[in-house]
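K.L.:
The primary structure of each chain is shown beneath.
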Amino acid sequence: GNSVTQMEGPVTLSEEAFLTINCTYTATGYPSLFWYVQYPGEGLQLLLKATKADDKGSNKGFEATYRKETTSFHLEKGSVQVSDSAVYFCALSGPQGAQKLVFGQGTRLTINP
Amino acid sequence: DAGITQSPRHKVTETGTPVTLRCHQTENHRYMYWYRQDPGHGLRLIHYSYGVKDTDKGEVSDGYSVSRSKTEDFLLTLESATSSQTSVYFCAIGGVRSPLHFGNGTRLTVT
Numbered sequence: 001g002n003s004v005t006q007m008e009g010p011v012t013l014s015e016e017a018f019l020t021i022n023c024t025y026t027a028t029g030y031p032s033l034f035w036y037v038q039y040p041g042e043g044l045q046l047l048l049k050a051t052k053a054d055d056k057g058s059n060k061g062f063e064a065t066y067r068k069e070t071t072s073f074h075l076e077k078g079s080v081q082v083s084d085s086a087v088y089f090c091a092l093s094g095p096q097g098a099q100k101l102v103f104g105q106g107t108r109l110t111i112n113p
Numbered sequence: 001d002a003g004i005t006q007s008p009r010h011k012v013t014e015t016g017t018p019v020t021l022r023c024h025q026t027e028n029h030r031y032m033y034w035y036r037q038d039p040g041h042g043l044r045l046i047h048y049s050y051g052v053k054d055t056d057k058g059e060v061s062d063g064y065s066v067s068r069s070k071t072e073d074f075l076l077t078l079e080s081a082t083s084s085q086t087s088v089y090f091c092a093i094g095g096v097r098s099p100l101h102f103g104n105g106t107r108l109t110v111t
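Chains as they are written, first to last, in my numbering: chain A, 1 to 113; chain B, 1 to 111.
For the record, the hints were derived by calculation from the structure and aren't laboratory data.
Each residue gets a CB set at the ideal place from its N, CA and C atoms; glycine is no exception.
There could be a bad hint or two in this list.
What the simulated footprint calls covered on chain B by chain A, stretch by stretch (three residues with Cβ under 8 Å from a Cβ of chain A suffice, anywhere in the stretch; the number is not a length) [claimed, not checked]:
(1) 16-29
(2) 100-106
Using 30 Å as the maximum straight-line C-alpha spacing, the simulated DSS-like pairs for lysine-lysine come out as follows [as the list claims (entries may be wrong)]:
(3) K60/A <-> K49/A
(4) K56/A <-> K100/A
(5) K60/A <-> K77/A
(6) K11/B <-> K57/B
(7) K53/B <-> K100/A
(8) K11/B <-> K49/A
(9) K77/A <-> K100/A
(10) K52/A <-> K77/A
(11) K49/A <-> K57/B
(12) K68/A <-> K100/A
(13) K100/A <-> K70/B
(14) K100/A <-> K49/A
(15) K68/A <-> K52/A
(16) K100/A <-> K11/B
(17) K52/A <-> K57/B
Can you make the complete structure from the sequences, with help from the hints?
P.N.:
Here is the structure:
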């Protein structure tokens, strides 16, 4: 079945550092890929998405490229801020219809000033 | 929050008691979902609905039932709560061409 594997956390960086959170997936067919972010005490919010191979999703300085050859969707940001501290989830959706997302385990990111 | 309200926000209950969590949406979305969030597991789908009275099982449906009698409400019921059902429960709405939007969650503790 479909699955998502994220890099283990927690991740702690200093402000303005470069961020990479690795995500790889296993899926049949052609899934869509997503990054969601969860701030303390809140639900998940969509950060970015990509629906086909070589698509790049971007939002708020974050980017991720759908790499079918390496089955990866790594999240990157060039210069993180304290406000980026949150838990990040990589996810994929299956065939058309209901978005029955399959999530990775989440990566907790802490940015120190 | 894309017009999603979960209630209650927090609940503590005893093993063996029934519990119902409510999700209410004001977006008229066809699809609604219940997920649970546990450390090390991310979010896992419990049940989802694709219309009034139309529901289906997700990955971790054992011990849970759902009902959707109106477009705006999706109820999750634990018929006899167990300690393994201690978790944070999230409702979400969204469909084929729209991303999922999540509520703020219900923290359930079963003692």
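K.L.:
Now tell me, hint by hint, if it's right for this structure.
P.N.:
Against the structure, the hints:
Evaluation of the coverage hint for the stretch 16-29 of chain B: breached, as 0 residues show C-beta separations to chain A shorter than 8 Å, against a requirement of three. For a cut-off of 8 Å, the count of residues in the stretch 100-106 of chain B with a CB near a CB of chain A stands at 6, and the three-residue condition holds. Between the alpha carbons of K60/A and K49/A the distance comes to roughly 13 Å, so the proposed pair stays at or under 30 Å and holds. Annotation: proposed proximity of K56/A to K100/A holds, straight-line Cα distance about 22 Å (limit 30 Å).
Restraint check: the Cα-Cα separation between K60/A and K77/A comes to about 9 Å, which is no more than 30 Å; the hinted pair holds. Proximity of K11/B to K57/B is assessed by CA-CA distance (about 24 Å); at most 30 Å being required, the pair is judged to hold. Taking the CA atoms of K53/B and K100/A, the gap is near 18 Å; set against the 30 Å cutoff, the hint holds. At most 30 Å may separate the alpha-carbon atoms for a hinted pair to count; K11/B and K49/A exceed this at roughly 34 Å.
Of the pairs offered as hints, the one joining K77/A and K100/A holds, with about 27 Å between alpha carbons and a cut-off of 30 Å not exceeded. For the given pair, K52/A sits about 21 Å from K77/A by alpha-carbon distance, which is consistent with the 30 Å threshold. Proximity of K49/A to K57/B is assessed by CA-CA distance (about 25 Å); at most 30 Å being required, the pair is judged to hold. Proposed proximity of K68/A and K100/A is supported: the alpha carbons are some 20 Å apart, at most 30 Å.
For the suggested pair K100/A and K70/B, the alpha carbons sit about 21 Å apart, so the restraint of at most 30 Å is met. Under the criterion of a C-alpha separation no larger than 30 Å, the hint pairing K100/A with K49/A is consistent with the structure, at around 15 Å. The hinted pair formed by K68/A and K52/A meets the criterion: a straight-line CA distance of about 9 Å does not exceed 30 Å. For the given pair, K100/A sits about 26 Å from K11/B by alpha-carbon distance, which is consistent with the 30 Å threshold.
Pair hint K52/A plus K57/B holds up; C-alpha atoms about 27 Å apart against a cutoff of 30 Å.
When the structure is compared with the earlier hints, violations turn up for hints 1 and 8 and for no others.
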